[in-house]
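Line by line, the protein sequences give chains A and B. Going left to right, the first sequence walks through residues 1 to 155 as the numbering used here numbers them. Going left to right, the second sequence walks through residues 1 to 648 as the numbering used here numbers them.
Don't read these hints as lab results, they were simulated from the structure. The beta-carbon is built from N, C-alpha and C at its ideal position, and this holds for glycine as well. Check each hint, because a few of them may be wrong.
Straight-line alpha carbon distances no greater than 16 Å define the calculated EDC-like cross-link-like pairs of lysine to aspartate or glutamate that follow [said to hold, decoys possible]:
#1 B:LYS339 - A:ASP18
#2 B:LYS273 - A:GLU6
#3 B:LYS316 - A:ASP18
#4 B:LYS358 - A:ASP18
#5 A:LYS52 - B:ASP643
#6 B:LYS339 - A:ASP16
Here are some chain B residues pointing at chain A (derived, C-beta under 7 Å) [said to hold, decoys possible]:
#7 SER5
#8 PHE9
#9 PHE245
#10 ALA403
#11 MET475
#12 GLU477
#13 PRO528
If you want the building blocks of each chain, they are given just below.
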Amino acid sequence: MKDRTEEILNKYANADRDSLIPILQEVQDIDGWLSETALTSIGNHLGIPVSKVYGVATFYNQFRFHPNGKFHIQVCRGTACHVLGSATVLEELQRKLKINVGETTKDGLFSLEIVACIGTCGLAPVININGNFHAGVTAESLDGIIDSYKEKINN
Amino acid sequence: MEMISQKNFLISEVLNLAQGESYSSTVTEDLKVLRNEKIEKPIIFVGAGTCGLGAGADKTLLAIKEYLLTNKIDVDIIETGCIGLCSSEPLMDIQIPGKNRISFEKVTHDLVIPILSTVLWHNIIPEKNVLGQFTTGENEQWDNVDNISDHPFFKPQNRIVLQNCGIRNPISIEEYIAAGGYRSFLNMLKTYSPAEICDKVELSGLRGRGGGGFPAGKKWKFALNTESDQRYLVCNADEGDPGAFMDRAVIEGDPHRLIEGMAIAAFAITATKSYVYIRAEYPLALKRLNIAIEQAKEYGLIGKNIFGSGVDFEIKIKMGAGAFVCGEETALIHSIEGKRGMPRPRPPFPASQGLFGKPTIINNVETLANIPTIIEKGEDWYASIGTEKSKGTKVFALSGKVALTGLVEIPMGTTVREVIFDIAGGIKGGKKFKAVQIGGPSGGCITEENLDIPIDYDSLLEVGAMMGSGGLVVMDEDTCMVDVAKFFMDFIQRESCGKCIPCREGTRRMLEILEDITHKPANGGSHPALKRFKGITQIEKLAKVIKETSLCGLGQTAPNPVLSTLKWFRNEYEEHIFERVCDAGVCTELRTFTIDVDNCIGCMLCVKKCPTGAIIGAKKTPHFIVQDKCISCGSCELACKFDAILIN
Ligand SMILES: Cc1cc2nc3c(=O)[nH]c(=O)nc-3n(C[C@H](O)[C@H](O)[C@H](O)COP(=O)(O)O)c2cc1C
Ligand code: FES
């Protein structure tokens with residue numbers, strides 16, 4: 001993990017403070033989350049105290065400080081999705097997976113996050129699993145969706 | 001034509017032409033080919049924006065490719081952006097040589113073979129799933145197929161910003177140029193001074209589409225007239241309003257239009273560097289924008305000394321990191337600089353002191369996407385559209401409980417009723433209209449009695465709503481307005497950056513008051529009714545303080561959804577407070593649970609499950625729910641196997 005962070009940092013030789021967020025984004029893209037070691041080396045590289053790096057990283061919803069599940073589920077809690085019942089969808093997911101928002105299932109398969117509007121309001125309510133959109137989701141249709149991902153593991 | 005010769009052809013015969021000079025007849029014919037008006041083999045277009053893909057366009061695409069491969073048919077496939085009719089996705093268009101392009105709706109993967117085989121093999125249009133035909137150059141009309149421009153969803157629209165979306169190939173700079181693109185920009189470089197462009201845009205009456213509605217040309221002049229060695233242009237593509245997706249659609253469907261608009265704006269304020277600040281939640285838009293920027297660089301439309309004019313222009317992309325407040329311009333600047341995205345007091349305004357301390361103009365995607373057409377057709381033409389104080393068109397994202405959802409671009413001054421009932425086909429499932437929420441977390445709602453107001457910046461303000469970015473979420477009788485207010489308050493309270501106290505603490509308190517109204521107290525409480533009543537009398541005062549003392553637009557507008565629902569739906573609040581009922585059935589915690597003694601066999605299951613010990617009873621005798629202790633969580637209903645729990 002350390003080498004991969006180094007690799008990214010090498011691309012940003014002589015970088016300034018304005019590269020901080022892009023670097024954090026790239027590291028998270030590769031590792032899936034931001035580890036303490038990664039945050040420290042980023043701080044050292046840019047000459048910014050690690051406390052500041054941490055301050056910036058925790059400000060933004062995008063950054064995570066522990067690893068995600070194999071399938072990362074984003075539930076849209078935007079207005080259009082809310083009006084069409086996304087609260088029920090979220091509740092049902094939490095019940096089914098037995099995790100809260102921001103947590104990962106024990107088997108490491110699923111993690112849950114809420115996002116504000118994915119931009120497909122016309123198809124509300126929407127959830128996004130590893131970049132795949134599922135439109136018009138209902139509490140009933142969740143079973144099938146979750147199962148289809150579980151099957152992917154078994155195959 | 002080969003790629004290289006296409007590029008040389010377009011540069012020498014089209015882009016290098018002087019203003020007003022017309023194409024020779026051979027060039028005109030060649031351009032028809034590039035615009036796909038004169039084709040030799042069929043083309044299949046698939047609407048592959050994020051919404052199309054969400055509705056299954058990827059599977060449709062696969063089915064198309066498979067069909068073409070097995071049947072060895074030579075057909076071009078073009079992935080377009082979104083034409084705006086999200087509820088009809090996936091959309092597939094077919095164009096065969098000599099004939100008009102024809103559009104099919106709801107083409108799920110299983111419908112691909114029946115449609116393609118009838119059209120491609122038999123030149124017949126199937127009866128089902130036809131949306132309509134496009135007039136495509138001088139091609140022949142299909143008989144008995146309606147024109148898409150006569151479709152009720154499209155007819156009242158006036159598409160400037162969206163003119164290419166869903167129609168042209170978004171990642172073909174050739175097609176964009178063949179359709180007249182980038183000529184406004186290049187002509188302008190030769191003909192006008194920056195100050196003249198600012199004048200033109202000011203005269204056009206274009207106001208910012210990001211929410212504030214500030215006149216764009218006027219703002220540009222501030223930056224142009226501020227002494228500095230460097231100026232910046234920033235395109236705000238953060239689109240944080242949950243329920244809005246206009247900017248995403250424009251970037252996915254027509255990225256070159258945004259680039260051209262930015263190039264013109266940058267010239268007008270003599271900025272050589274620019275940024276696009278785009279949400280990380282929009283990966284497809286990001287991808288297409290990157291491709292388009294690379295293409296523009298290859299054509300020399302971005303870079304140093306553009307077409308020998310001595311003008312430099314570069315675009316950098318910065319990805320947002322999921323913070324609503326970063327749509328606010330000073331927070332956005334901090335975010336680009338690599339800091340926590342917190343706003344700062346204005347003045348100084350970014351136009352005089354912005355990114356890295358230099359004069360900076362921040363404009364919304366839609367604002368910038370209007371610019372190429374304003375320069376092409378002239379400021380008078382633009383100013384002739386719309387109302388006296390709100391010129392041009394506005395794109396709205398229609399969602400919620402309407403029959404047709406999607407994007408519409410209408411001239412300013414269209415009434416809300418026309419948008420919801422004529423364009424969007426009214427309320428889904430024959431339900432009753434209740435309200436439409438406009439302007440997102442900063443906006444308000446419009447009710448039945450105000451449906452006939454014209455949509456423009458000022459009329460909306462008069463009824464306590466605002467233009468905002470353009471999200472229109474329609475609600476019917478099954479929507480609870482207190483719940484809607486609570487939803488927005490919850491959103492704002494989470495997204496408040498925490499810098500100023502009125503916003504950080506005030507929004508939290510407002511949310512608590514709303515939660516009091518929609519929840520049942522856990523342990524009966526001694527004076528809950530009084531507390532709820534006091535809360536609601538205080539909420540208006542609190543709202544006033546938050547509005548007047550917050551640092552940035554987020555806090556200053558945060559109370560709007562509450563004030564607006566309180567104004568129009570006070571009775572619903574009162575029902576929640578005094579009668580403890582939610583007519584729409586949304587606030588589940590206000591449900592009353594009782595036990596049907598005839599069905600209850602006294603199995604004790606519900607007694608064990610009840611988290612507050614509200615159910616009493618012994619084995620084999622019917623149980624009883626103590627209402628004061630019940631929090632209406634519904635656990636008993638889930639536990640009961642004998643349908644003995646009654647809810648109302
Ligand atoms: C909390 C908050 C969020 C905002 N979000 C956006 C946004 O997502 N997109 C946008 O274009 N403008 C947003 N704005 C408005 C910008 O601050 C700014 O006024 C706008 O980008 C200026 O562009 P315009 O003049 O072209 O509208 C937001 C403002 C506030 C206070
Ligand atoms: S509100 Fe869910 S996609 Fe926009």
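If any of the earlier hints don't hold here, list their numbers in rising order. Those not satisfied are hints 2, 5, 7, 8, 10, 12, 13.
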